[in-house]
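Novice: What follows is each chain in one-letter form.
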Amino acid sequence: MPLKLLKFGLSGKYAEPRMFRTPEKMRDTYDLVIIGAGGHGLAAAYHLAKDYGMTNIAVLDKGYIGGGNTGRNTAIVRSNYLTPEGVEFYKESVRLFSQLSTELDLNLFYTERGHFTLAHSDASLRTMRWRAEVNKHLDVNSEVIGPREISKLCPYMDLSCGGHAPVVGALWHPPGSIIRHDAVAWGYAREACRRGVEIFQKTAVTGIDIVDGQVTGVQTSRGPIKARRVLSAVAGYTPRITKMVGIRTPIVIQPLQACVTEPLKPWLDQIVVSASLHIYVSQSSRGELVMGASLDPYELHSERSTLDFVEGLVDHLLDLFPFLGNVKVNRQWAGMSDMTPDYSPIMGTTPIKGFYLDTGWGTWGFKATAVCGTTMAYTVAQDDDHHLIRPFNLSRFGDYTLVGEKGAASVGH
Amino acid sequence: MKIMTCPINGPRPVQEFVYGGEYRPMPDEPAASDAQWADYIFNRSGEPGLSREWWYHAPSGTWFIAERDNVKDVVLKTYLFDRANPPRAGKGATP
Ligand SMILES: Cc1cc2nc3c(=O)[nH]c(=O)nc-3n(C[C@H](O)[C@H](O)[C@H](O)COP(=O)(O)OP(=O)(O)OC[C@H]3O[C@@H](n4cnc5c(N)ncnc54)[C@H](O)[C@@H]3O)c2cc1C
Numbered sequence: 024m025p026l027k028l029l030k031f032g033l034s035g036k037y038a039e040p041r042m043f044r045t046p047e048k049m050r051d052t053y054d055l056v057i058i059g060a061g062g063h064g065l066a067a068a069y070h071l072a073k074d075y076g077m078t079n080i081a082v083l084d085k086g087y088i089g090g091g092n093t094g095r096n097t098a099i100v101r102s103n104y105l106t107p108e109g110v111e112f113y114k115e116s117v118r119l120f121s122q123l124s125t126e127l128d129l130n131l132f133y134t135e136r137g138h139f140t141l142a143h144s145d146a147s148l149r150t151m152r153w154r155a156e157v158n159k160h161l162d163v164n165s166e167v168i169g170p171r172e173i174s175k176l177c178p179y180m181d182l183s184c185g186g187h188a189p190v191v192g193a194l195w196h197p198p199g200s201i202i203r204h205d206a207v208a209w210g211y212a213r214e215a216c217r218r219g220v221e222i223f224q225k226t227a228v229t230g231i232d233i234v235d236g237q238v239t240g241v242q243t244s245r246g247p248i249k250a251r252r253v254l255s256a257v258a259g260y261t262p263r264i265t266k267m268v269g270i271r272t273p274i275v276i277q278p279l280q281a282c283v284t285e286p287l288k289p290w291l292d293q294i295v296v297s298a299s300l301h302i303y304v305s306q307s308s309r310g311e312l313v314m315g316a317s318l319d320p321y322e323l324h325s326e327r328s329t330l331d332f333v334e335g336l337v338d339h340l341l342d343l344f345p346f347l348g349n350v351k352v353n354r355q356w357a358g359m360s361d362m363t364p365d366y367s368p369i370m371g372t373t374p375i376k377g378f379y380l381d382t383g384w385g386t387w388g389f390k391a392t393a394v395c396g397t398t399m400a401y402t403v404a405q406d407d408d409h410h411l412i413r414p415f416n417l418s419r420f421g422d423y424t425l426v427g428e429k430g431a432a433s434v435g436h
Numbered sequence: 212m213k214i215m216t217c218p219i220n221g222p223r224p225v226q227e228f229v230y231g232g233e234y235r236p237m238p239d240e241p242a243a244s245d246a247q248w249a250d251y252i253f254n255r256s257g258e259p260g261l262s263r264e265w266w267y268h269a270p271s272g273t274w275f276i277a278e279r280d281n282v283k284d285v286v287l288k289t290y291l292f293d294r295a296n297p298p299r300a301g302k303g304a305t306p
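Protein chains in written order, with our numbering: chain D, 24 to 436; chain G, 212 to 306.
FYI, nobody ran anything at the bench for these hints, they're computed from the structure.
Just so you know, these numbers come straight off a predicted model, no measurement behind them.
Careful, some of the hints might be misleading.
The calculated DSS-like cross-link candidates involving lysine-lysine, where the alpha carbons are at most 27 Å apart (straight line), are [to be verified]:
| hint | chain 1 | residue 1 | chain 2 | residue 2 |
| --- | --- | --- | --- | --- |
| 1 | G | 213 | D | 351 |
| 2 | G | 283 | D | 266 |
| 3 | D | 266 | G | 302 |
| 4 | D | 225 | G | 283 |
| 5 | G | 213 | G | 302 |
Okay, the calculated bits of chain D under chain G, using three or more residues with CB under 8 Å as the criterion [to be verified]:
| hint | segment |
| --- | --- |
| 6 | 263 to 272 |
| 7 | 320 to 326 |
What follows is a set of in silico ranges between Cβ atoms, one per label pair, in the way DEER data are often shown [what the hints assert, rightly or not]:
| hint | chain 1 | residue 1 | chain 2 | residue 2 | range |
| --- | --- | --- | --- | --- | --- |
| 8 | G | 293 | D | 162 | 39 to 47 Å |
| 9 | G | 293 | D | 239 | 44 to 52 Å |
| 10 | G | 287 | D | 90 | 24 to 32 Å |
Beta carbons: idealized from backbone N, C-alpha and C, even for Gly.
If we strip away everything but chain D, and leave its shape as in the complex, we get (with noise of 0.2 Å):
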């Protein structure tokens, strides 16, 4: 036994330092509330304090740190989606993310696999045709390629798919990379609270209070707390908290599962999706095979795996690697997904002074972690949408200008 561990034992003192503080007590004042320490909640928090100076905050978690959808996806960066607010916005967050550990000193593990989206059929093709098109126009690096260079780069695929619909070609996308998303959590909230941040966990907001329209405080399971300003950032509960404001939005909550394999060797550089076969794969850095489908096909307000799930994905799996028969599925698990009707998230000012809203992140919020949180403290810091944001507002639905992001990830299109 070293030494260390010892004395630590002995001394029943924390030989490292904490990540993050746990503050004794609350604030009365807060010059901002944040709703929700999952990585959106936090990124906001360090850039507000980073960027602007801004650092009476207090992040509050009915959970723990990162215990949402935050820890709960796949890990999957990318870029190559299809309208061009989309992809302005998610290349800003791919360019943050690959330096991101150097900013948050930490080793998030963020890796360059290369993101392969596999089309059956002309039509889905085409699509990504399309979406190479708008990629490249906007400087990112997507191609459409064929059969022939699928198998080169990833040998292991069986692309005649047992006999029907194959493979046909695939958009392919370099820069497509898995990052370790509890990490990203814990960097932010760490490198938040070095900066004056303060972040309770196990504290839940039950109510926000409004006079003549314009915050004035929150009521959370530890008592009143006033504050002038309050961000949302609670992706599959946002329901109930626009409900306490009194908002309509067009979010629904649907589950989203996923599951990983038992650890194998090192055999899939690429991160593999098949919206046809619904399912997408990547190796994480431990071996296991992490692996999701699409939305459960109704709302739910549940966390619950079911067996259903798992039994479609490793069918469809099969069909691209059949060697993969034996191999069996450690774990499942399933996050709330926050869904919206165009696949856009629904970020900015709300019709309730000193209100914001960062939530419509459904199955693909993981990937804007960094880049909401730039975004997001300019909003809340100059109470004025960020222009990379604006197409995002709520008030797109009053105005019937709705996104159509088909680009995004386990949902049918």
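Starting from the structure of chain D, add chain G with the ligand where the hints point.
Specialist: Showing chain G with the ligand alone in chain D's frame:
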């Protein structure tokens, strides 16, 4: 939820059914403003609770209403839509 009761065909595996979204009464066509239409088209009462919603039994082509607890995923009852006596909109206890 594994089994759902179709008002015409009785209990059937849930795989035979398609979710049709929350029941929402349509605004009055000539009178409704653009804002009311936008609200009807896009917005939903997405919060947890008892919800009255459209479901479709695909093999028999039957649309009907289900009252479902969307937290516990339990269907409380199913019945055919009755224009003369429509379900209540929004979330809440059974009328
Ligand atoms: C299975 C799965 C796979 C996914 N895969 C990907 C992927 O590969 N790539 C990608 O880009 N995206 C993916 N996503 C989507 C992504 O995970 C989410 O969009 C993103 O993590 C949302 O982050 P967030 O910080 O907004 O929310 P969350 O991380 O969910 O944080 C919200 C927090 O708010 C807290 N909260 C809620 N209500 C209250 C309250 N009343 N008071 C206080 N606190 C409250 C919760 O406890 C929670 O911690 C996936 C999602 C799932 C479920």
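Novice: Would you mind marking each hint as holding or not holding in the structure?
Specialist: Going down the list of hints, with the structure as the test:
1. G:213 x D:351: 25 Å, holds
2. G:283 x D:266: Holds. Residue 283 of chain G to residue 266 of chain D sits at ~20 Å (cutoff 27 Å).
3. D:266 x G:302: 12 Å, holds
4. D:225 x G:283: The given pair, whose Cα atoms are some 23 Å apart, holds under the 27 Å limit.
5. G:213 x G:302: 23 Å, holds
6. 263 to 272: Since 4 is at least three, the answer is holds.
7. 320 to 326: holds (count 6)
8. G:293 x D:162: 39 to 47 Å: 57 Å, violated
9. G:293 x D:239: 44 to 52 Å: 45 Å, holds
10. G:287 x D:90: 24 to 32 Å: Holds: the Cβ-Cβ distance is about 31 Å, inside 24 to 32 Å.
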